[in-house]
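Residue numbers (this note's numbering), protein chains in the order written: chain A, 1 to 228; chain B, 1 to 292.
No lab work stands behind these hints, which were simulated from the structure alone. Just so we're clear, the structure is a prediction, and the values are computed from it rather than from any experiment. Accuracy of the hints is not assured; some may be wrong.
Distance windows between CB atoms, simulated [stated by the list, open to error]:
# : chain 1 : residue 1 : chain 2 : residue 2 : range
1 : B       : Val175    : A       : Asp92     : 33 to 41 Å
2 : A       : Gly12     : B       : Leu161    : 50 to 58 Å
3 : B       : Ala188    : A       : Glu128    : 33 to 41 Å
4 : B       : Val175    : A       : His132    : 43 to 51 Å
Short, incomplete list of chain B residues facing chain A, as computed with Cβ under 7 Å [to be verified]:
#  : residue
5  : Leu6
6  : Pro10
7  : Ile179
8  : Leu202
9  : Met203
10 : Gly204
11 : Ala205
12 : Glu206
Glycine residues also receive a C-beta, built at the ideal position from the N, C-alpha and C atoms.
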Amino acid sequence: MITFENVGMRYGMGNEILTDISFSLKRGSFQFLVGPSGAGKTTLLKLLYLAHRPSRGLVNFFGKDLTILEREALPRIRRRIGVVFQDFRLFDHLTAFENVALPLRLQGAKKIQVADHVEELLSWVGLEDRLHARPATLSGGEKQRVAIARAIINKPDLLVADEPTGNVDAEMSRRLMHLFVALNKEGTTTVVATHDESLVKAVGAPVLRLDKGGMNFEPGGSPIDPGQ
Amino acid sequence: MWGRTLQFLPEQNLREGLLPWVIGVMLFLCTLSLTGAIAIGNGLERWSTSLTSNLTVQIAVQDKAQRMAQTEAALTLLQATPGIKSASVLADADIMALLSPWLGDMPLGTNLPVPTLIEVKLETTTPLNSKALTERLKATAPGAQLDDHQAWMAQILDMALVVQLLLGGVVVMVVMSTIAIVIFGCRAGLATHRDSIEIMHLMGAEDKTISTAFDVRYLAHGLKGGLLGVLFAAASLWLLSTMAEKMGQGLISASLPVADNLWWLALLPIAAASITMLTARFTVRKALLDMM
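Start from the sequences, fold in the hints, and give me the full structure.
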């Protein structure tokens, strides 16, 4: 579904942050992306959620070669990708409902459809009583669940999460990971970048390990968290 | 278009809140400059109409008997000339009234050698050859001097044209400054909302969707500023014309545009809003092209 071949990435005239990265993500797979600080995790994620194009190499998304794809075609592909950030990146002036509704409204969904879908999804992430709360009044865990709901409201083919548990406590981290695993079981290809090796062990999913700009693939182990 | 606008931008901040006021001040200056140019145009039209429909013939002969004889001959010639509606000798009292600003009030019958003035009114339909008339007057009354005001009018017209050009320049500079201010405001807005724009892009928003949010915001700024500026300008013009009326029907009050001719003021807020919105649209779309 997504293929990276010999991808290199540098900003401007700086050194290459990613060097000869090659991997592919199969439909419905779950991967962790781990690595020390400065290894290039965020850069690789930016390539995955189409915030940047690679400096070199081939990148194929859903059968389309990103290196030659015109800028005007990017929004259509981006709508098939959901992104969750460590710092949530919610619109502070919008309510939880309005934040989650944005991707649907971008696609021109009808008001009634938007209402039904958003309420259902916020209920699924346990925020049915916080529909009209603004981000400033939500806890870290609640904000991240709103962000996850926003990322998956369009039923994306690929879900990319950048340190989604970085700003929440251990219990909330476990609950959020359950959400990601549940989404993956419904067929969403999922990539979660994390520093937390215990989460990786708990889920037991395969790992893409970045180090010094290069990448190693580690097969998944047995999950140790019975909750998933 | 506007009904479906996805307004993801937060409520305006203080900096954006000042923009309508700046646009308002610019439009105020623009309106006053335009009105000034129109007033000068109106004034010129009135002056030129009144001056080109009149001639003055002066009989400057020191000997009274000769002056009277030449006046009579000139009067006969003028009244017989095609294109002249009427010719009449200005009464001594009127001449003394004309001279009073320089010589003070003087009794009639004084021995001051004042020339005789003949006021000539022209027909508007038949053009008059003033050069030929001057020659015939010279032959009939050697002391006669014809003044068709052309030399004075030419200077006034030149001066008025320069002032009108300057006012036009002010309007152009004000419009350019407004565009520059909107561009700066827009760029600042783009920088402020960069994160929001990036998130919108990542969610699959097209450039058009994002720029429309800015269009709507800046259209409102332009409309607010335009209305403010025109209201202040209209109030100022009303004050000016009221004061001019109190001074009497002089050149100022006669030249100021009357309310019936001020319909174009209503177009200015629309023009300001359109310029502001289009400037914002081009600025935002250009900036968005630099983002992936």
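Status of each hint after checking the structure:
| no. | hint | in the structure |
| --- | --- | --- |
| 1 | B:Val175 x A:Asp92: 33 to 41 Å | 36 Å, holds |
| 2 | A:Gly12 x B:Leu161: 50 to 58 Å | 55 Å, holds |
| 3 | B:Ala188 x A:Glu128: 33 to 41 Å | 39 Å, holds |
| 4 | B:Val175 x A:His132: 43 to 51 Å | 44 Å, holds |
| 5 | Leu6 | 6 Å, holds |
| 6 | Pro10 | 4 Å, holds |
| 7 | Ile179 | 27 Å, violated |
| 8 | Leu202 | 5 Å, holds |
| 9 | Met203 | 5 Å, holds |
| 10 | Gly204 | 3 Å, holds |
| 11 | Ala205 | 5 Å, holds |
| 12 | Glu206 | 5 Å, holds |
Of the numbered hints listed earlier, the single one contradicted by the structure is hint 7.
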